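**Q** Letter by letter, the chains look like this.
Number of protein chains: 2
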Amino acid sequence: MVKAAILGFGTVGSGVYNVLNTNSELIRERTEKGIEIKYVLDLREFPGHPVDDILTHDFNDIVNDPEVKVVAEVMGGIKPAYEFTKQCLQAKKSVCTSNKELVAKHGPELLRIARENGVNYFFEASCGGGIPIIRSLNEALIADEIDEISGILNGTTNYILTRMSKEGSLFDDVLKDAQDMGYAERNPEADVEGFDAQRKIAILSSIAFGKTVDNEKIHTEGITKITPADLEFAKAFGCTIKLLAYGKKVDGRYYALVSPFMVASDNPLFSVDGVFNAIFVHGNMLGDAMFYGSGAGSLPTASAVAADMAQAVKNEGKTVYNNWQEGSIELSPSDSFECRFFVRLDKGAAGTAKSVFGEEIQFKEIPIAGDECAFITEVMSEKEFEKRAEKLSGIKSRIRCK
Amino acid sequence: MVKAAILGFGTVGSGVYNVLNTNSELIRERTEKGIEIKYVLDLREFPGHPVDDILTHDFNDIVNDPEVKVVAEVMGGIKPAYEFTKQCLQAKKSVCTSNKELVAKHGPELLRIARENGVNYFFEASCGGGIPIIRSLNEALIADEIDEISGILNGTTNYILTRMSKEGSLFDDVLKDAQDMGYAERNPEADVEGFDAQRKIAILSSIAFGKTVDNEKIHTEGITKITPADLEFAKAFGCTIKLLAYGKKVDGRYYALVSPFMVASDNPLFSVDGVFNAIFVHGNMLGDAMFYGSGAGSLPTASAVAADMAQAVKNEGKTVYNNWQEGSIELSPSDSFECRFFVRLDKGAAGTAKSVFGEEIQFKEIPIAGDECAFITEVMSEKEFEKRAEKLSGIKSRIRCK
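Just so you know, the protein sequences line up as chains E and R, in that order.
FYI, numbering that gives the first Met the number 0 numbers position 260 of the first sequence as 259, with every residue one higher than the one before it.
FYI, numbering that gives the first Met the number 0 numbers position 330 of the second sequence as 329, with every residue one higher than the one before it.
Just so you know, the hints here were simulated from the structure itself, not pulled from any lab data.
Among the clues, some could well be false.
All copies of an identical chain are treated as equivalent in the list; a pair is satisfied when it fits inside any one copy or across any two copies.
Straight-line distance between alpha carbons at most 25 Å, and here's what the computed DMTMM-like set of lysine to aspartate or glutamate pairs gives [unchecked claim]:
#1 K37 <-> D51
#2 K248 <-> E329
#3 K32 <-> D52
#4 K234 <-> E166
#5 K210 <-> E24
#6 K401 <-> E115
#7 K104 <-> E231
#8 K32 <-> E66
#9 K37 <-> E144
#10 K2 <-> E35
#11 K234 <-> D265
#12 K85 <-> E147
#13 K32 <-> E325
#14 K165 <-> D287
#15 K317 <-> E115
#16 K382 <-> E358
#17 K165 <-> D265
#18 K313 <-> D146
#19 K234 <-> D272
#20 K210 <-> E31
#21 K401 <-> D265
Since the structure is predicted, the reported quantities are computational estimates derived from the model, not experimental observations.
Given only the sequences and the hints, what does the whole structure look like? Please build it.
**A** Put into structure tokens, the structure is as follows:
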């Protein structure tokens, strides 16, 4: 049995403990060795819980124990996870994590340290919970040039948008309800402003495109301004609104953004509802593919961490290929990213809208929107859109269309 | 550069040739070696085509060339693919294939020969075209016990059902049209009677459950009896009809079947339309996941073969783990598989239906069905269903519900 440690006994950490115990026999068969949890690191005590026997408050117990070969870092955040991860890798222990913040910020450095020490830094659980997207990008899609990776990467916002759409409710009301039900944090900013999705798409685009996409340079808009009227108009156009995280390569230029998008009903992302996540990939040979599953939750996320740990055991002594290489990708300005735009505006401005956006635009009206109407533009850059929109008063909202 | 050969220059073979050439630079970077096609085996000539320079009509050129390390077997069928594959593996060449018929029939033996010779037998492209389901099952979901794998595994039948549903057309008319457009074979039996999906679900269940599921023992029904009335009633129940291939473990008993199923609109398989494929997986820790993509077509399938070839290069000297081990799984009789049943029948039999299937069943009527109505039963085995249905005359169709 290979000895392992879990750093952090929170939602994901206790899930990893459960997965490794529940499925210990099949993991033993498939790895031909098995995994035994020797330590769990947490500042708290868990009296009466079986984990109490293997609990430590001192990270040094773990990093200094040469028997420990695999470590699950499921603490989250940068401090002290960054230092702990570095020290484990330097002590020739593979590290498997769900920590998207750390991977987005220090991924390439930690991958390099892992390589230098002949071990692995795996982070399947950092994006899309249990969905095996990272291993698919690195191994199964190895013969493809990926030119788009996009998707619904945040379950909280997808849950809120799904309920707003189904119930016609206001953002604030659904958010409050989601907080009461534990689907949203008390401080919901990271989710609803798109920062969680931003980190995840930074990681996924870095792997898909081969070099680092800096998450802080990704244009990011959240869902706080989406109204029931937007969602009703979306239905009138055969669409729904999803918070999409987007990485795209067009004519050698790279774009990344997080923003609400109108998604048409023939797009496989259209029917991804509630807390589910889905990731769409386009390869130059593969064409379209999509991966769907639970994007969060203790056990689905832990399933991915545990699978990484099993792969670390199977690949002992060998650093597995990761397509995320050293160097950075320069993103093109998001306002040159081209798409159609949905526009909601006062009916009185419809005439001007035709003169600005073209006679061929088609207006829709819906009962609940009273004096407002909406149309969808031709494909254009945001820069071009803004230039035209300046000539038009009465715009209530504009939403990109996938 | 690692030298490779392609057996068969048909739809998939020419696709593999294209993928390896188009993406040769990135494959070189990612494998750190690159792949060079040294031979293409085909009985035909291709004068003027660049493949002509490396064409051979003699398999011995390939099997006897120690430089060739990787072979793509994309001929299809059992003869001579089975013999060629065995000889290549015995000559310590990895073989990558899209040949579902051969894998379903001789998979375990060929995997064993590969292991004995320290090479790999990969068959990602045999199920779901470019969808990376097999590598996900074998590597990414290694910490999960998979208790269900089901999906839309045949693009031709999905295309036919999608068009029948959208247009209200008859099976025979859409089939003829699909044949004219090249989406269906002149002899469509393997597709429309479900045998293609049967082989694929045999392969996928064998990997998911760890031992061989014999495709010939899988209960298989095709889509030839589905009528426009069934599809219209499906809509009335908020469903659509899909040909599903099903592998499921319930209380230690294994079931596999291929059959039309009613799929409800909240199921992610509901909106998988046209020639697309999708594979749903349930893991005891992962929960629900789904993989979606092009299930056929030259380039998507070739993308999976080429990725397998790249993995064979990366894993030279090492046989990669496959969860499909020696031994067989005994399937429980399909008539003990429990589900709800959709029943279409004469309105005159509605009263008897209530006395047989329970007062609580709800009838739906639709204009195009004239004197017919439909209902959905409680969950029961097919055996139980048949027992009750015997008491009822006027049943026009019965379709399982997912």
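**Q** Hint by hint, say whether it matches the structure.
**A** These are the hints, each one checked on the structure:
When the C-alpha separation of K37 and D51 is checked against a cutoff of 25 Å, the pair qualifies only within one copy, where the shortest distance is 11 Å, while the shortest distance between copies is 60 Å. In this assembly of identical chains, the alpha carbons of K248 and E329 lie at most 25 Å apart only when taken from the same copy (11 Å versus 49 Å across copies). For a Cα distance limit of 25 Å, the shortest separation of K32 from D52 inside one copy, 23 Å, qualifies, whereas the shortest one across copies, 49 Å, does not. In this assembly of identical chains, K234 and E166 lie within 25 Å of each other by CA distance both inside one copy and across copies; the values are 13 Å within and 22 Å between.
For the identical chains of this complex, K210 and E24 are inter-copy neighbours only, at 16 Å across copies versus 38 Å inside a copy, given an alpha-carbon limit of 25 Å. In the homo-oligomer, the alpha carbons of K401 and E115 never lie at most 25 Å apart, since the shortest distance is 41 Å inside one protomer and 50 Å across protomers. Proximity of K104 to E231 under the C-alpha cut-off of 25 Å is found in neither arrangement, the shortest distances being 38 Å within a copy and 53 Å between copies. When the C-alpha separation of K32 and E66 is checked against a cutoff of 25 Å, the pair qualifies only within one copy, where the shortest distance is 14 Å, while the shortest distance between copies is 35 Å.
Proximity of K37 and E144 under a CA criterion of 25 Å is satisfied inter-copy only: 23 Å between copies versus 41 Å inside one chain copy. Taking the closest pair of Cα atoms, K2 and E35 come within 25 Å of each other only inside a single copy of the chain (5 Å); across copies the shortest separation is 42 Å, beyond that limit. Taking CA atoms no more than 25 Å apart as the test, K234 paired with D265 passes in both settings, with 13 Å inside one copy and 17 Å between copies. For the homomeric pair K85 and E147, neither the shortest alpha-carbon distance inside one copy (31 Å) nor that between copies (39 Å) is at most 25 Å.
Taking the closest pair of Cα atoms, K32 and E325 come within 25 Å of each other only across two copies (19 Å); inside a single copy the shortest separation is 33 Å, beyond that limit. Taking the closest pair of Cα atoms, K165 and D287 come within 25 Å of each other only across two copies (22 Å); inside a single copy the shortest separation is 28 Å, beyond that limit. In this assembly of identical chains, the alpha carbons of K317 and E115 lie at most 25 Å apart whether taken from the same copy (11 Å) or from different copies (22 Å). Taking CA atoms no more than 25 Å apart as the test, K382 paired with E358 passes inside one copy only; the shortest distance there is 21 Å, against 63 Å between copies.
In this assembly of identical chains, K165 and D265 lie within 25 Å of each other by CA distance both inside one copy and across copies; the values are 19 Å within and 13 Å between. Taking CA atoms no more than 25 Å apart as the test, K313 paired with D146 passes between copies only; the shortest distance there is 23 Å, against 31 Å inside one copy. For a Cα distance limit of 25 Å, the shortest separation of K234 from D272 qualifies both inside one copy, at 15 Å, and across copies, at 20 Å. When the C-alpha separation of K210 and E31 is checked against a cutoff of 25 Å, the pair qualifies only between copies, where the shortest distance is 17 Å, while the shortest distance within a copy is 34 Å.
Taking the shortest alpha-carbon separations for K401 and D265, both the intra-copy value of 11 Å and the inter-copy value of 22 Å come in at or below 25 Å.
Hints 6, 7 and 12, counting from the list given before, are not met by this structure.
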